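Chemist: For the record, the sequence lines run as chains A and B.
Residue numbers 1 to 106, in full-length UniProt numbering, belong to the letters of the first sequence in order.
Residue numbers 1 to 106, in full-length UniProt numbering, belong to the letters of the second sequence in order.
Because the hints were derived from the structure by calculation, they are not lab data.
Hints are all accurate, no fakes.
Treat identical chains as interchangeable: a pair holds within one or across any two.
DSS-like, lysine-lysine: derived pairs with alpha carbons at most 25 Å apart:
no., residue 1, residue 2
1, Lys102, Lys80
2, Lys67, Lys102
3, Lys67, Lys93
Computed from a prediction, not measured in an experiment: that's the story for all the values here.
Number of protein chains: 2
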Amino acid sequence: MKSFIPYYAVIFSSLRTEGDRGYTEMAERMEALARVQPGFLGFETARDEVGITVSYWESLEDITRWKEQAEHLEAQRLGKEMWYEHYTLRICKVEREYSFSKRPEE
Amino acid sequence: MKSFIPYYAVIFSSLRTEGDRGYTEMAERMEALARVQPGFLGFETARDEVGITVSYWESLEDITRWKEQAEHLEAQRLGKEMWYEHYTLRICKVEREYSFSKRPEE
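Please construct the entire structure, taking both the sequences and the accompanying hints into account.
Modeler: See below:
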């Protein structure tokens, strides 16, 4: 991920409802769609009991535009209706960053 | 999690090496230790291919103090030596927060 500090992170932590009900397909679609938005920098996701998805953006304006993207609005609506028991979304300014690799990065 | 904006998040994203080699035990110990540090607000973790751990803190000073805690320093050393293929650590200021719950929070 190539980026210049400061940039922005959206941390989305969630507890899912039972059953898939189209969730996996929509999650994949939203990741693919996020990747082609202006200002998109990166995306990471993992789930155990809690799911954590972090997306990275160049600016707050990019995050607002993504939040209001039409297909994404529909996914948000379905998320509240069907897929999430609870979620918290945090918008953060990334102020410092450190990386470690066992092997040199390519 | 009770908190006042702004507060701080440490996003730790990692790729593990093969095998446990004491990792699980140390991860549990570090979570328990983090929870009793001054300024600690919350902790979330999930792992698929990538692991994402986010801890939340009242101030940057609390994060620095936790980073330099003696037992935690030893865990960081072992992490580089044994447990992580790659990691990125980001220190972020949480500027906005939204929550959704299907049921009212207790």
